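Here the protein sequences line up with chains A and B, keeping their order.
Going by the numbering used here, the first residue of the first sequence is number 4, and it counts up by one from there.
Going by the numbering used here, the first residue of the second sequence is number 21, and it counts up by one from there.
Wrong hints could be hidden among the right ones.
Going by beta-carbon spacing under 10 Å, a handful of chain A positions derived as facing chain B [to be verified]:
#	residue
1	P119
2	E145
3	Q148
4	M150
5	A186
6	A189
7	L190
8	M192
9	T193
10	G195
11	S283
12	Q293
13	R296
Pairs of lysine to aspartate or glutamate, EDC-like flavour, derived with a Cα cap of 20 Å [said to hold, decoys possible]:
#	chain 1	residue 1	chain 2	residue 2
14	A	K196	B	E208
15	B	K39	B	E87
16	B	K152	B	D207
17	B	K88	B	D257
18	A	K196	B	E142
19	B	K114	B	D124
20	B	K284	B	E208
21	B	K279	B	D257
22	B	K116	A	D65
23	A	K196	B	D257
24	B	K88	A	D65
25	B	K39	B	E154
26	B	K114	A	E185
27	A	K196	A	E185
28	B	K152	A	E185
29	B	K39	B	D108
30	A	K196	B	E115
31	A	K196	B	D124
32	B	K54	B	E262
33	B	K88	B	E64
34	B	K152	B	E142
35	B	K88	A	E181
36	B	K109	B	E41
Hints are computed from structural coordinates only; laboratory data are not their basis.
Quick caveat, the model's predicted, so the values are computed rather than measured.
Where is the CB? At the ideal position from N, CA and C, for every residue including glycine.
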Amino acid sequence: MTDTVDKTPAASVPPEQIKAIPVRHYGRWVAAAVVIAVLVLIGVAFSNANINYGVVPDYLTDGTILSGAWHTLYISVLAMALGLVLGVILAIMRMSSNPVTSTVAWFYVWFFRGTPVLVQLLLWYNIALVFPILNLGFYKDEMNQVMTPFLAALLGLGLNEAAYMSEIVRAGIQSVDEGQTEASHALGMTQGKTLRRVILPQAMRVIVPPTGNEFINMLKTSSLAYVVQFNELIKRATDISSTSLAVVEMYFVASIWYLLLTTIFSIVQYYIERRYARGSSRSLPPTPLQRLRRNLSQWASFRRPEVAR
Amino acid sequence: MSSLVKDITPPSSGAPMVKAEGVHKSFGLAHILKGIDLEVLPREVFCLIGPSGSGKSTFLRCINHLEKISAGRLYVDGQLVGYRQHGDKLYELKEKEVAAQRRDIGMVFQRFNLFPHMTALENVMEAPVQVKGESKAVARERAQRLLDRVGLGDRTGHYPAQLSGGQQQRVAIARALAMQPKLMLFDEPTSALDPELVGEVLDVMRDLAEDGMTMIVVTHEMGFAREVGDSLVFMDDGVVVESGHPRDVLTNPQHDRTKSFLSKVL
Ligand SMILES: Nc1ncnc2c1ncn2[C@@H]1O[C@H](COP(=O)(O)OP(=O)(O)OP(=O)(O)O)[C@@H](O)[C@H]1O
Ligand SMILES: [Mg+2]
């Protein structure tokens with residue numbers, strides 16, 4: 004946009020700048036006024052509501068809330084990791100030429116996408132009803148001892164996520180040109196090597212943006228884990244509100260934490276996407292920091308000739 | 021001037037590098053190759069011409085087992101491609117064994133098929149490091165030398181998207197050569213290029229031929245075939261119609277089908 008600064012003509016006499024009266028956009032002014040009015044009304048309504056905003060900052064850094072935020076963060080990361088790994092495996096199974104593995108993968112996705120996460124969480128938590136004893140041969144225990152809130156939350160959220168991730172990964176893998184597989188095979192690479200070194204790195208460009216979306220969703224969906232007594236943010240906020248009577252206030256506190264977590268992750272996602280954009284275009288887009296720096300230096304060089312004059 | 025191929029793997033014997041005996045290939049009901057018999061001698065530049073859809077690419081892809089042949093026998097350097105024979109029974113080779121056979125056969129594609137997420141240098145280093153387990157230092161040294169030789173020594177850090185078509189194809193040739201193959205397959209390497217870029221790729225191929233590389237070249241560049249080729253085969257509808265020295269076939273074709281094809285492309 005501000006490139007014009009660089010294009011100083013070689014001629015010694017700079018051309019006269021055009022000084023025209025810009026077109027007036029009255030519609031924009033009206034639209035802006037309406038939007039601002041609506042926002043003010045909403046703001047007034049909220050500030051007049053019977054909500055004690057004073058307690059919100061106090062509870063934001065409350066130990067219980069902090070521990071809840073920490074639980075939310077780590078269950079989301081772990082469940083996402085499980086979903087990602089299992090998702091890749093399911094995607095490969097789904098695309099394999101073996102009809103048994105591809106059918107199993109299809110059924111997995113069908114079941115886990117087709118039933119509510121809430122139900123899946125509760126099923127894992129109550130799995131002792133089906134398998135009272137866990138017997139792995141080398142390890143034997145009562146299922147009720149094994150299925151902690153953490154494990155139920157991890158399995159419930161992670162296995163559900165895997166179904167979604169497998170579809171995302173499959174779309175990513177299928178977006179890579181077949182010529183890439185051929186070239187790899189022609190060089191003597193095995194199927195596994197081809198996948199790891201050639202296909203997946205390219206598929207990542209398609210996989211990362213929806214995965215970021217999934218992760219942000221996961222941060223919020225993890226609140227459902229309160230039904231299995233997992234101490235995440237919403238459960239902790241509810242615990243406090245049941246004694247302090249600050250019900251809505253505590254949901255505000257929790258929401259601020261969710262916003263904070265999703266914002267941080269959005270920034271992380273931007274840099275991950277940038278990393279996998281390597282080679283996809285002639286030059287990488289600048290990071291916000293680089294853009295800021297460039298604009299500043301451009302502004303400086305723009306000012307200098309004026310000073311000199 | 022250093023040669024493109026420092027150490028061409030010498031053929032095991034004076035026997036043909038590629039030998040096809042009655043090779044058939046069908047895709048479902050479509051019968052594409054209908055009994056191909058031919059021999060490619062070591063150090064020979066073997067040109068394959070023919071109308072679109074005649075099965076040239078399919079035959080080339082059979083040679084490194086990207087396609088399985090439906091009938092007949094195909095040998096590279098005396099070894100059966102894709103199978104092992106015990107008595108009169110054929111056993112399919114395992115994935116690893118097929119991959120091992122392909123190491124010695126370089127292939128260059130019409131659409132380059134460079135790895136877009138790797139720089140030119142990384143493209144050339146990839147297979148030696150990943151497939152042969154070469155050290156990065158050795159692979160990088162050879163990659164640099166090969167890129168120098170195809171005239172791209174100053175473009176090693178460029179991604180494919182930052183290179184012209186001709187430059188990409190030259191990187192692709194360097195990438196295939198990095199595996200020190202004993203045979204190179206070219207599938208219309210210049211067809212996707214702007215006319216003014218064709219020459220730079222043909223020059224590299226000419227150098228390679230002079231270095232004694234065995235090459236099978238599917239091409240529409242009759243000038244190249246006549247000048248560099250040692251043998252030429254005209255294929256149509258899945259069969260070899262005519263073969264011989266390029267000069268003879270191109271200037272004095274015997275079959276009507278060859279004549280009508282050449283009258284269209286020359
Ligand atoms: N995987 C496949 N499945 C089905 N048919 C195929 C497949 N690959 C090739 N064919 C068919 O085989 C025939 C020969 O194809 P091939 O690519 O070998 O022709 P070609 O001689 O290389 O032509 P061109 O000069 O256009 O590249 C075509 O009719 C094509 O449709
Ligand atoms: Mg072809």
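Results of checking the hints against the structure:
1. P119: 39 Å, violated
2. E145: Violated: closest Cβ of chain B sits about 45 Å from A/E145, beyond 10 Å.
3. Q148: 44 Å, violated
4. M150: Since chain B brings no Cβ nearer than about 41 Å to A/M150, farther than 10 Å, the hint is violated.
5. A186: Where the cut-off is 10 Å and the nearest Cβ of chain B is about 4 Å from A/A186, the hint holds.
6. A189: Nearest chain B Cβ about 4 Å off; hint holds.
7. L190: This hint holds: A/L190 lies near chain B, its Cβ roughly 4 Å from the closest one there, short of 10 Å.
8. M192: Interface hint status for A/M192: holds (6 Å vs cutoff 10 Å).
9. T193: 5 Å, holds
10. G195: 9 Å, holds
11. S283: 7 Å, holds
12. Q293: 19 Å, violated
13. R296: A/R296 check fails; min Cβ-Cβ to chain B is 23 Å, beyond 10 Å.
14. A/K196 with B/E208: It is violated: about 27 Å lies between the C-alpha atoms, which goes past 20 Å.
15. B/K39 with B/E87: 16 Å, holds
16. B/K152 with B/D207: 25 Å, violated
17. B/K88 with B/D257: Within the cut-off at roughly 19 Å; holds.
18. A/K196 with B/E142: Given that 20 Å is the threshold and the Cα spacing comes to 15 Å, the pair holds.
19. B/K114 with B/D124: Roughly 17 Å separates the two Cα atoms, so the pair holds.
20. B/K284 with B/E208: The hint holds at about 17 Å.
21. B/K279 with B/D257: 15 Å, holds
22. B/K116 with A/D65: Judged against 20 Å, a Cα distance of about 59 Å means the pair is violated.
23. A/K196 with B/D257: Violated, at roughly 36 Å.
24. B/K88 with A/D65: 67 Å, violated
25. B/K39 with B/E154: 31 Å, violated
26. B/K114 with A/E185: 17 Å, holds
27. A/K196 with A/E185: Satisfied, since the Cα-Cα distance of roughly 13 Å is no more than 20 Å.
28. B/K152 with A/E185: 18 Å, holds
29. B/K39 with B/D108: 19 Å, holds
30. A/K196 with B/E115: 12 Å, holds
31. A/K196 with B/D124: Given that 20 Å is the threshold and the Cα spacing comes to 18 Å, the pair holds.
32. B/K54 with B/E262: The hint holds at about 15 Å.
33. B/K88 with B/E64: 25 Å, violated
34. B/K152 with B/E142: The hint holds at about 15 Å.
35. B/K88 with A/E181: Between B/K88 and A/E181 the Cα gap is close to 17 Å, so the pair holds against 20 Å.
36. B/K109 with B/E41: Holds - the C-alpha atoms of B/E41 and B/K109 are around 17 Å apart, at most 20 Å.
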